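Taken in sequence, the protein lines are chains A and B. Count the first sequence with our numbering and you get residues 1 to 97, in order. Count the second sequence with our numbering and you get residues 1 to 328, in order.
Check each hint, because a few of them may be wrong.
Once the Cα atoms are required to be at most 25 Å apart in a straight line, the calculated DSS-like pairs of lysine-lysine come out as [unchecked claim]:
no.: 1; chain 1: B; residue 1: K204; chain 2: B; residue 2: K99
no.: 2; chain 1: B; residue 1: K100; chain 2: B; residue 2: K3
no.: 3; chain 1: A; residue 1: K61; chain 2: B; residue 2: K96
no.: 4; chain 1: B; residue 1: K204; chain 2: B; residue 2: K100
no.: 5; chain 1: B; residue 1: K92; chain 2: B; residue 2: K66
no.: 6; chain 1: B; residue 1: K285; chain 2: B; residue 2: K3
no.: 7; chain 1: B; residue 1: K285; chain 2: B; residue 2: K205
no.: 8; chain 1: A; residue 1: K6; chain 2: A; residue 2: K92
no.: 9; chain 1: B; residue 1: K174; chain 2: A; residue 2: K61
no.: 10; chain 1: B; residue 1: K6; chain 2: A; residue 2: K64
no.: 11; chain 1: B; residue 1: K66; chain 2: B; residue 2: K174
no.: 12; chain 1: B; residue 1: K285; chain 2: B; residue 2: K174
no.: 13; chain 1: A; residue 1: K61; chain 2: B; residue 2: K6
no.: 14; chain 1: B; residue 1: K66; chain 2: B; residue 2: K204
no.: 15; chain 1: B; residue 1: K6; chain 2: A; residue 2: K41
no.: 16; chain 1: B; residue 1: K4; chain 2: B; residue 2: K208
no.: 17; chain 1: B; residue 1: K263; chain 2: B; residue 2: K174
no.: 18; chain 1: B; residue 1: K260; chain 2: B; residue 2: K204
no.: 19; chain 1: B; residue 1: K263; chain 2: B; residue 2: K285
no.: 20; chain 1: B; residue 1: K281; chain 2: B; residue 2: K204
no.: 21; chain 1: B; residue 1: K66; chain 2: B; residue 2: K99
no.: 22; chain 1: A; residue 1: K86; chain 2: B; residue 2: K6
no.: 23; chain 1: B; residue 1: K274; chain 2: B; residue 2: K316
no.: 24; chain 1: A; residue 1: K86; chain 2: A; residue 2: K35
no.: 25; chain 1: A; residue 1: K64; chain 2: B; residue 2: K99
no.: 26; chain 1: B; residue 1: K256; chain 2: B; residue 2: K281
no.: 27; chain 1: B; residue 1: K174; chain 2: B; residue 2: K305
no.: 28; chain 1: B; residue 1: K4; chain 2: A; residue 2: K64
no.: 29; chain 1: B; residue 1: K4; chain 2: A; residue 2: K61
no.: 30; chain 1: B; residue 1: K6; chain 2: B; residue 2: K66
no.: 31; chain 1: A; residue 1: K6; chain 2: B; residue 2: K285
no.: 32; chain 1: A; residue 1: K34; chain 2: B; residue 2: K274
no.: 33; chain 1: B; residue 1: K205; chain 2: B; residue 2: K274
Simulated from the structure, these hints should not be mistaken for lab results. Just so you know, these numbers come straight off a predicted model, no measurement behind them.
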Amino acid sequence: MTVERKKWRDLPIGGVIITGGNAQVYLTGNWRTKKPVIDMKRCTNCMICWVYCPEGVILVKDGKITGIDLEHCKGCGICAVECPTKVIEMVKESKDE
Amino acid sequence: MIKKMKLRDIAGSTEHLTCGHRLCTGCAEPVIVRQVLHAAENPVVVANATGCLEVATTIYPYTAWKVPWIHSAFENTAATISGVESAYRALKRKGKIDKKINFIAFAGDGGTYDIGLQSLSGALERGHAFLYVCLDNEAYMNTGIQRSSSTPRGSWTTTTPVGEKIVGKPEYKKDITEIIAAHGIPYVAQTAPSHWMDLMTKVKKALKVEGPTFINVSSPCPRGWRSEPEESMRLSRLAVETCYWPLYEVENGVWKINLKPKKKPIEEYLAPQKRFAHLLKPQNKHIVEDLQRRVDERWETLQWKAEVSQQRSQQKQQQQTSANPTSQ
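Based on the provided sequences and hints, a complete structural model is requested.
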């Protein structure tokens, strides 16, 4: 996961940042040593993990959890601790993936 | 009245603080900011004091904010946001803008308890309509864990080391929520991210007020508190359950305790944090006892304040209704 850096010639005049929320292109997922894995069959979609996630990487569509944005998840494990039904497990990252 | 929120209704809506920011793993600040911004119903303008939040969310050439955002120095966030609010009111008078906009200032404990106190006090006194959110992580974490006036007694920091002369910070923590409440502003509250419903309700309440409002939020910091990243929300909950960080609000001079927990001993809150590790040794037992005594005293005072101020407001209401019964 690498980020392409802009050369000084490509920068806008005054060095202003012209798009809001462009931090999304910076992938913080490589900070992680453990990744959260949700057991979707047992998940009750209570959204507790969503509200406590510091990154906001719990993906939700139409009131249902669809997955985790692992490109940005820093693997803090708050979701696994807070999950009321304990369906999130922190799994050690392996090199082969 | 604030309608009770359901997580399922708000989950999946636009994130105004996006992922890709570089706050530490397990930091509670983005949790608080996300909750605050999800609770805001109108468009917001954010002023952000120097601190972890400002530094880590806007590392050039990126920004994690999707809302208008102004960075100011440590000492003048409240002055900045009051300026923005004044400009908005001027534009509104001239008929150039008719949207309802909310103004929120975020600052850490350094920017609120210490350096920014004078400008905050001034802005509160002038009565600008804004919400000031203090993210209290109890030291200058951004520059390397130096003590602030928010650091609790006995806590290790790099400037209050544990040794023969002193055992962590010798002084007590400043009670900023009460200092702000003493300004007599319409709404002051204290809350924690672990109680998301409480936090979001308080933000909604504060943003409805036409005047200055202040919310103090406990923000666990795994780096500075020397705790595990996954423990952040649990620590925040423990702070509430030990009455170290009571959830209460002061609305127009009436104190109200939002949660009366079954009080746990302070040791349960101290134990998971390595910054307090030395306090658990037998020779430092007196400091823990002192902390417990102070927590008990403050909790008692708070309950007393709530009781007295609620009685007074009830009496006032009764007097008013008996004076002009036709208005009912």
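Status of the hints after comparison with the structure:
1. With a C-alpha separation of about 18 Å, the suggested pairing of K204(B) with K99(B) holds against the 25 Å cut-off.
2. Distance restraint check for K100(B) and K3(B): the Cα-Cα separation of roughly 20 Å lies within the 25 Å cut-off, and the hinted pair is therefore satisfied.
3. For the given pair, K61(A) sits about 38 Å from K96(B) by alpha-carbon distance, which is inconsistent with the 25 Å threshold.
4. Between the alpha carbons of K204(B) and K100(B) the distance comes to roughly 14 Å, so the proposed pair stays at or under 25 Å and holds.
5. A hinted pair counts as satisfied when its Cα atoms are at most 25 Å apart, and K92(B) with K66(B) qualifies at roughly 24 Å.
6. Between K285(B) and K3(B) the alpha-carbon distance is near 46 Å, which puts this suggested pair outside the 25 Å criterion.
7. The hinted pair formed by K285(B) and K205(B) fails the criterion: a straight-line CA distance of about 41 Å is larger than 25 Å.
8. Restraint check for K6(A) and K92(A): the C-alpha separation of about 34 Å exceeds 25 Å, so the hint is violated.
9. Between K174(B) and K61(A), the direct Cα distance comes to roughly 44 Å. Violation of the 25 Å bound is thereby established for this hinted pair.
10. In summary, the hint linking K6(B) to K64(A) is supported, as the alpha carbons are separated by about 14 Å, within the 25 Å threshold.
11. This hinted pair does not check out: K66(B) and K174(B) have alpha carbons roughly 34 Å apart, beyond 25 Å.
12. At most 25 Å may separate the alpha-carbon atoms for a hinted pair to count; K285(B) and K174(B) meet this at roughly 22 Å.
13. Our distance criterion of 25 Å between C-alpha atoms is met by K61(A) and K6(B), whose separation comes to about 15 Å.
14. Using a Cα cut-off of 25 Å, the hinted pair K66(B) and K204(B) holds, with the two alpha carbons roughly 20 Å apart.
15. The straight-line distance between the Cα atoms of K6(B) and K41(A) is roughly 22 Å, inside the 25 Å bound, and the hint therefore holds.
16. For the given pair, K4(B) sits about 15 Å from K208(B) by alpha-carbon distance, which is consistent with the 25 Å threshold.
17. At most 25 Å may separate the alpha-carbon atoms for a hinted pair to count; K263(B) and K174(B) meet this at roughly 22 Å.
18. Of the pairs offered as hints, the one joining K260(B) and K204(B) holds, with about 22 Å between alpha carbons and a cut-off of 25 Å not exceeded.
19. With a CA separation close to 20 Å, the supplied pair K263(B) and K285(B) stays within the 25 Å bound.
20. Taken as a hint, the K281(B) and K204(B) pair is broken in the structure, with Cα atoms around 44 Å apart against an allowance of 25 Å.
21. Taking the CA atoms of K66(B) and K99(B), the gap is about 18 Å. The hint holds against a cut of 25 Å.
22. Among the hinted pairs, K86(A) with K6(B) is consistent with the structure: their alpha-carbon atoms are about 21 Å apart, no more than 25 Å.
23. A C-alpha spacing of about 49 Å is found between K274(B) and K316(B), which places the hinted pair above 25 Å, so the restraint is violated.
24. Distance restraint check for K86(A) and K35(A): the Cα-Cα separation of roughly 15 Å lies within the 25 Å cut-off, and the hinted pair is therefore satisfied.
25. Of the pairs offered as hints, the one joining K64(A) and K99(B) is violated, with about 33 Å between alpha carbons and a cut-off of 25 Å exceeded.
26. Distance hint between K256(B) and K281(B) is unfulfilled; the C-alpha atoms sit about 37 Å from each other, more than 25 Å.
27. Between K174(B) and K305(B) the alpha-carbon distance is near 18 Å, which keeps this suggested pair within the 25 Å criterion.
28. For a cut-off of 25 Å, the pair hint linking K4(B) to K64(A) stands: about 20 Å separates their Cα positions.
29. Under the criterion of a C-alpha separation no larger than 25 Å, the hint pairing K4(B) with K61(A) is consistent with the structure, at around 22 Å.
30. For the given pair, K6(B) sits about 24 Å from K66(B) by alpha-carbon distance, which is consistent with the 25 Å threshold.
31. Between the alpha carbons of K6(A) and K285(B) the distance comes to roughly 56 Å, so the proposed pair goes past 25 Å and is violated.
32. Distance check on the hinted pair: K34(A) and K274(B) sit about 22 Å apart at the alpha-carbon level, within 25 Å; holds.
33. A threshold of 25 Å between alpha carbons decides the hint, and for K205(B) with K274(B) the separation of about 36 Å lies outside it, so the pair is violated.
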